[in-house]
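Spelled out, the chains give:
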Amino acid sequence: MHEVSLCRKLLEIINDQAKLKHFSQVKSVTLEIGALSCIDKSSLAFSFQALSTNTAAHQAKLKFIDIPATAYCPQCDEDTTAQQYFSHCPQCHGALIKYRGGDDLKVSSLEVS
Amino acid sequence: MCGKCGCHEESSAIEIDLNTSLYASNNTIARENRIRFEAHNTFCINLLSGPGSGKTTFLVKTIEDLKRDYSIAVIEGDQQTDNDAQRIRSTGIPAIQINTGPICHLEANMIRDAMDSMKNKLPDLLFVENVGNLVCPASFDLGEKTKTVLLSITEGEDKPIKYPDMFRRADVIIINKIDLLPYLDFDLNRCMEYIERVNPTALVFITSAKTGEGMQQWYEFLATSHEYMAGVPA
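Chains as they are written, first to last, in the working numbering: chain X, 849 to 961; chain D, 57 to 290.
Just so you know, these hints were derived from the structure itself, not from any lab.
Careful: at least some of the hints might be erroneous.
Simulated restraints on C-beta separations [said to hold, decoys possible]: (1) D:Glu276 - X:Ser876: 53 to 61 Å; (2) X:Gln897 - D:Leu74: 34 to 42 Å; (3) D:Ile70 - X:Gln931: 31 to 39 Å; (4) X:Gln923 - D:Ala286: 41 to 49 Å; (5) X:Ser872 - D:Ile217: 46 to 54 Å; (6) D:Thr147 - X:Ser890: 42 to 50 Å; (7) X:Thr903 - D:Glu88: 49 to 57 Å; (8) D:Arg87 - X:Gln932: 41 to 49 Å; (9) D:Ala286 - X:Ser876: 49 to 57 Å; (10) D:Glu88 - X:Thr918: 23 to 31 Å; (11) D:Tyr239 - X:Pro916: 38 to 46 Å; (12) X:Gly942 - D:Gly148: 48 to 56 Å.
As the structure is a computational prediction, the values presented were derived from the model and not from experiment.
Yeah, the Cβ is synthetic: ideal placement off N, Cα and C, and Gly gets one too.
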């Protein structure tokens, strides 16, 4: 629930790129959002829309790629992917433990003109 | 339609690959903080919990019992007021208050700025009392050596599974206010099972900052961790 802080950082990154690569308009921003990142997409989009006014990213579309976490099944002795905490193994339906990854929010790419 | 000349030609767009975490700038500063702490043999504890769980009382008790053996300082994080910093200062040790305003968590740059104001007089033990919030502070590395999450038994035994992100990231979990156990329907065994489920490797201490029960084990952890950091045999 800190979408505003993260949007500020996103706009800093976009602003730095605009100076470096000399573009004036961002058409879209592709974000990789981890399944365990505690980020709400609609809150992020709302914050981005509010904060990007009068910037190169004004009216840019946000595109999301979902990144799962990794978790371990002790019954199968194997890692698998998980979309949330307290998930179950797709093979044996046992409870998964040792969740890791899936907690980042990355700007993957920008489409600019 | 082109906003400049009104034509309907599709403007050519180019793609710029970035692959950059939005936490990157925070993590860079956190790493620098961590290096600075290690250079000064400062053991930094990021103390996290929901609001009203007793973090400040727990810290005051810890400080009163350890201040003769260690130099200690506290960085306090709250949206407003310096009430908590004042409570810490009344023990005779320095406290820096950070008011985060609308921001619900501390970030690494705030800790860096607080350290700068200490003018390189970094203590043996530096406690960062984070903003009372069981969600957002978990995501922001401050450069600490340990994330310690405090849970008071008045909050209910299922907090670890209700807030798995915070409890999963904890190195240490403290179950506090245990003196109130006879007056509550708190299931301690169930709480330990929930902790085991989200974080089987966390160290768990069961304490009462009011009576002192269980605090000795917490102090031994601090002592061992600080001495390990400073390269001195425990």
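Hint check:
1. For the pair D:Glu276 and X:Ser876, the supplied restraint of 53 to 61 Å holds, since their beta-carbon distance comes to about 54 Å.
2. As the Cβ distance of X:Gln897 to D:Leu74 is approximately 20 Å, the hint placing it in 34 to 42 Å is violated.
3. At about 33 Å, the beta-carbon gap between D:Ile70 and X:Gln931 stays in the expected band of 31 to 39 Å.
4. The supplied range of 41 to 49 Å is met by X:Gln923 and D:Ala286, whose beta-carbon atoms lie about 43 Å from each other.
5. At roughly 48 Å, the beta-carbon separation of X:Ser872 and D:Ile217 lies within the given 46 to 54 Å, and the hint holds.
6. In this structure the hint that D:Thr147 and X:Ser890 lie 42 to 50 Å apart at CB holds, the actual value being about 45 Å.
7. A C-beta distance of roughly 28 Å is found between X:Thr903 and D:Glu88, which places it outside the suggested range of 49 to 57 Å.
8. Checking the proposed 41 to 49 Å range against D:Arg87 and X:Gln932 shows it is violated: the Cβ atoms sit about 29 Å from each other.
9. Separated by about 51 Å at the C-beta atoms, D:Ala286 and X:Ser876 satisfy the suggested range of 49 to 57 Å.
10. Between D:Glu88 and X:Thr918 the C-beta distance comes to about 29 Å, which sits within the given range of 23 to 31 Å.
11. Evaluation of the 38 to 46 Å hint for D:Tyr239 and X:Pro916 yields a pass: the beta carbon distance comes to about 43 Å.
12. As the Cβ distance of X:Gly942 to D:Gly148 is approximately 53 Å, the hint placing it in 48 to 56 Å holds.
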